[in-house]
Amino acid sequence: MPSIEPDLLGRLYRQHAPALRLYARQWPGCADDVVQDAFVKLAQQSPPPERVLPWLYRVVRNGALSTGRAAARRRRREGRASAPEAWFSAVDDHLDARHATRLLADLSLDLREVIVARLWGSLTFEEVAQVVGCSLPTAHRRYQAALIELRERLEGRWIPTPPAPTTT
Amino acid sequence: MDTHTPRPDDDLNNLERRLSDWRPSAAGLDPEGMLFAAGRASARATKARLLWPAASACLALLTMVLGFQMTAERAERLALAEQIRQQPPAPAPAPSAVPLPDSQAAETPGPDSYLAARRALERDPDAWAAQAVAKGGPLPGPPPPGHHILQAWRPGGTLEP
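So the sequences go chain by chain: A and B.
Heads up, the first sequence is in my numbering, so the first residue is 1 and it goes up one at a time.
Heads up, the second sequence is in my numbering, so the first residue is 1 and it goes up one at a time.
Derived by calculation from the structure, the hints in this document are not laboratory data.
All values reported here derive from a predicted model rather than from experimental measurement.
Using N, Cα and C, we set each Cβ at its ideal position, and we do this for glycine too.
Treat the hints with care, as some may be off.
What the hints assert, rightly or not - What follows is a list of derived Cβ distance ranges for each label pair:
id: 1; chain 1: A; residue 1: K41; chain 2: B; residue 2: L59; range: 30 to 38 angstroms
id: 2; chain 1: A; residue 1: R73; chain 2: B; residue 2: A75; range: 50 to 58 angstroms
id: 3; chain 1: A; residue 1: D106; chain 2: B; residue 2: D21; range: 16 to 24 angstroms
id: 4; chain 1: A; residue 1: A70; chain 2: B; residue 2: A75; range: 44 to 52 angstroms
id: 5; chain 1: A; residue 1: K41; chain 2: B; residue 2: P53; range: 16 to 24 angstroms
id: 6; chain 1: A; residue 1: H140; chain 2: B; residue 2: A54; range: 47 to 55 angstroms
id: 7; chain 1: A; residue 1: P6; chain 2: B; residue 2: W52; range: 25 to 33 angstroms
id: 8; chain 1: B; residue 1: G67; chain 2: A; residue 2: E50; range: 49 to 57 angstroms
id: 9; chain 1: A; residue 1: E155; chain 2: B; residue 2: S20; range: 50 to 58 angstroms
id: 10; chain 1: A; residue 1: Q44; chain 2: B; residue 2: W52; range: 17 to 25 angstroms
id: 11; chain 1: B; residue 1: F36; chain 2: A; residue 2: H99; range: 33 to 41 angstroms
Go ahead and model the full structure; you've got the sequences and the hints to work with.
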C-alpha cells in the first residue's frame, strides 16, 4: 500500500497547518516543530489513516504534550515566560490579533483545546471527543462553556470563577 | 480518506461565526521544509537502514562467543600444563640383561664373500693367490687364441700378434 502523495501532503499542510499550530500552542513548547513532525509521520504512514484530520490532531496533541512537559521544565528552570505572539493573522474589525490571542489564551486548557479543534480545526464533536479523550457530552459541554466565556470576555462582563472539576 | 468533515452551519450562532472568521496565523510555516523533512524521513525508514546495525550486532555477538571460548580453552590448557609440571618425573628404564648383538660382528662378511676376498688380496696378494690355488681353482691364464680381445701395442710395432 503506497503512502500519501507529496502533492496531497503539501495541500493538507497548507490547509490545516495553521489551525494545527494554533491547537499545538495550547501547550508550551515549539508548536512549529510539533506540527511538522506530525506531517512527517503522516508521510511515513503506509497505508495513510482513514481519517487524516483527526489523526493529525491526535498526533499533534501527543507531541505537544510530550514536548510541553520538557518546555515547561526548561521554562521553570530558566525563570522566564515566553513572549506571547499573535496566534491569528486576521480577526474582526472590533478586535486586534493580540487581543484575540489573549482572549483565547486565557481560557482553561480543557475548554481551549475543544473550541480550537471544533472551530478552527473543523472536527466534529465525535472527533473532538476522541482526540481530547473525553465523552461526547463532555465535549459539547466544554464547547458551550468556552463560547460563553469568550462572549463574556468580548463583552467585558467576564468574572473569573474558580475552575470546577471536570468529568470525562 | 476523509480530510475535511463539513460542519453544519445551522449550529453556528453569531459568536461562532465571528470566531470562526478569525484566521490562525500561517506565518513561519514552511511547506517546502516539511516536504523535505518528510522525504528525508521516508528515505531513512527503509529496511536497508537496519542492515549495518544488525551486522554490527551479529559481529559483536560472534566476537563475544569466540572470546569466551578462547578464554575457556586457554584456561584448560594452562591447567593441564600446570598439572603436567607438578607430576614427579618417571623412573629411568633398567638396563637390559641380555647384551645387544655386536653390530660390527653382524656386519662381518663371510669367508667366501667378495669383501673378504678383496681384504685378503689387499693384505697379501701372494698368499691370496696361493690360497686360491689350494682351493683348487685354476688361476686365470691368458685367454685362448681364438678369443680376440683388444690389446695395447707399442707405437711403431706391427699390427699382427
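Okay, the hints, checked on the actual structure:
no.	hint	verdict
1	A/K41 with B/L59: 30 to 38 angstroms	33 angstroms, holds
2	A/R73 with B/A75: 50 to 58 angstroms	52 angstroms, holds
3	A/D106 with B/D21: 16 to 24 angstroms	20 angstroms, holds
4	A/A70 with B/A75: 44 to 52 angstroms	50 angstroms, holds
5	A/K41 with B/P53: 16 to 24 angstroms	22 angstroms, holds
6	A/H140 with B/A54: 47 to 55 angstroms	51 angstroms, holds
7	A/P6 with B/W52: 25 to 33 angstroms	28 angstroms, holds
8	B/G67 with A/E50: 49 to 57 angstroms	52 angstroms, holds
9	A/E155 with B/S20: 50 to 58 angstroms	18 angstroms, violated
10	A/Q44 with B/W52: 17 to 25 angstroms	21 angstroms, holds
11	B/F36 with A/H99: 33 to 41 angstroms	36 angstroms, holds
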